[in-house]
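As you go down the protein sequences, you meet chains A and B in turn. For reference, each letter of the first sequence is one residue, going 1075 to 1278 in this note's numbering. For reference, each letter of the second sequence is one residue, going 710 to 1061 in this note's numbering.
Treat the hints loosely; a few may be bogus.
On the chain B side, residues computed to face chain A include the following (Cβ under 8 Å) [stated by the list, open to error]:
1. Val-747
2. Gly-762
3. Val-960
4. Phe-986
5. Leu-999
Derived from the structure by calculation, the hints contain no laboratory data. We put the CB at the ideal spot given by N, CA and C, even for glycine.
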Amino acid sequence: MKRKYLNTNTKLALLCSALFLMFASTAFGLHYDGKCRSCHTPHNALASEVPLWGRADAVMPAPYVQYTSNTINATMGDPNGISKLCMGCHYKSTGYGLGQDMRNDHPVSFTYDAALAAADGRLWDPETTPSGIGGSVGDGTIAQDMLRGVDHNQLECVSCHEPHDKYGYGRGTGYSDDPAGGDGLAYLVKLNDAGQLCKTCHRK
Amino acid sequence: MNAIKKYITSGLVIAMSLIAINVAFAADAKHVFYPSDVKNPRIQFLTAINGEGFFSNGSSFGNRFPGYNPDSQREKAPFGQTYGLASTQDELFICDVTKQQVMIFNFKTSTISKFGVNLSKPVSIAIDKDGTRYIVDLGNMKISVYDAQNKFVRTMADVQGWYPVAAALLNDSLYVVDSKNHQVVVMNKNSGAVTKRIGQPGEAIGEFAAPTAITVSDQGLIYVSNTHNGRVDVIDGNGKFVDKYGDSPNVAAGSFARPKGIALDKENRLYVVDNSFENVQIFNDKKQFLMPFGEIGNVKAGLNLPMTILVDYDNAKYFSKYVAPGHEVEYIILVASQTGANKINVFGFLKQ
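Please take these sequences and the hints and turn them into a complete structure.
Put into structure tokens, the structure is as follows:
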């Protein structure tokens, strides 16, 4: 009897991976210039240099840690953890801004849980409300599908934006080449016609 | 009798609390050195400038507690978002993007003045020998020129369209980093006429990917922070490639993941801010890695998405009160962060 090495599902997964890699460069081409390394910095490909200054037996030339969440006292609007990766480029002093004024942008890096929803009164409870994203993400709650952090209760840039454009919504209709313009609604996790992305969390 | 006992007890509790506070502040007052493990460190964290209260001890509590640490003061008029930094004798120039102005901190008179008309996003400033100020206004996509008396002179722009993010002066030219077209635009500093465009998008030598910062050495070489290529390129005044620091983005020490602000001291030591590592790395003129410095988070010397850097010899003397006993500062290094509690961290380069 012939031994079956790969079942149909595995084959399908491999095919999808191959197709993904083939088209990946096109998709990522929309986000900067197709360089994964803009965000996914290679690790340990090079030996760390030993600093000349400092005692040789106590120097710290280990690979650096990127964007740890050490800003314990982060207040609303101070990007934390994963959102810092976005803020490194999408900020006021770069051409790749987030609209003219960050005060008009949505806050990130804050706790969005049932307590906040109850206190606010105009937010859906993220722990019970479906995200409606669907697709490969599945049909989980807002907390499961969109919120980050170990407790799945942190709203970050990637709650609404998927930088690899996995869902294929591209740069969004509001994109403008003008750093002062554009609505920055790019690479969304779901369509925002009639504001349904906003309405995922906001009750009117 | 019992009442008296109670009073004595509460008195003791209060006294002990004060001692505890004192000890806490004393611990906070510990100096931060780099390297931290040697007898003769090279750099000391001095203080943070977080707003207009810097000169006025802007604390709502005053300095009435023993062992009170000025670093813990609450800033009454905090900066918005500070980016471009420049200095002249007695004066520090700070671009505030949110407040859409340039602030001048005069250390001699302990006063602050502001200038800038219709600025949208002043992200960088270059000051000529005669005091002319070139403000890079990314929002308006223009260079706004002001004279030494802070009077508006004219604007300059590249008609082809650009994202001007930083500028440096060399002879009669203003070298402007354009992060849209991934190039350096050379303009006549008086007429604004574009005389040359250096580089093109890409990874190869002579190519840039989202460059963000520029500085010029005393020898007339131009250093460009080639951010997404993970290196700092050195070119001559004509745009010819001379050398590079780093190779491609990497997290190894001595490499860069997202190099942003750069600065040189008089010995041509290169300071490179890394927005991703949230530190600053120093290299000597032979490109040897000297050391990193800066902490992560809202702590003393903490850098939160650091962006720009300035080496300032002129105003180091005004920071001597922060220098640890037994040390002297040769120059100060100012690092501006995008977010976090410390807007501009001031470090001192210690005399050996």
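(message) For a quick check of understanding: which of the numbered hints are violated here, in increasing order?
(response) 2
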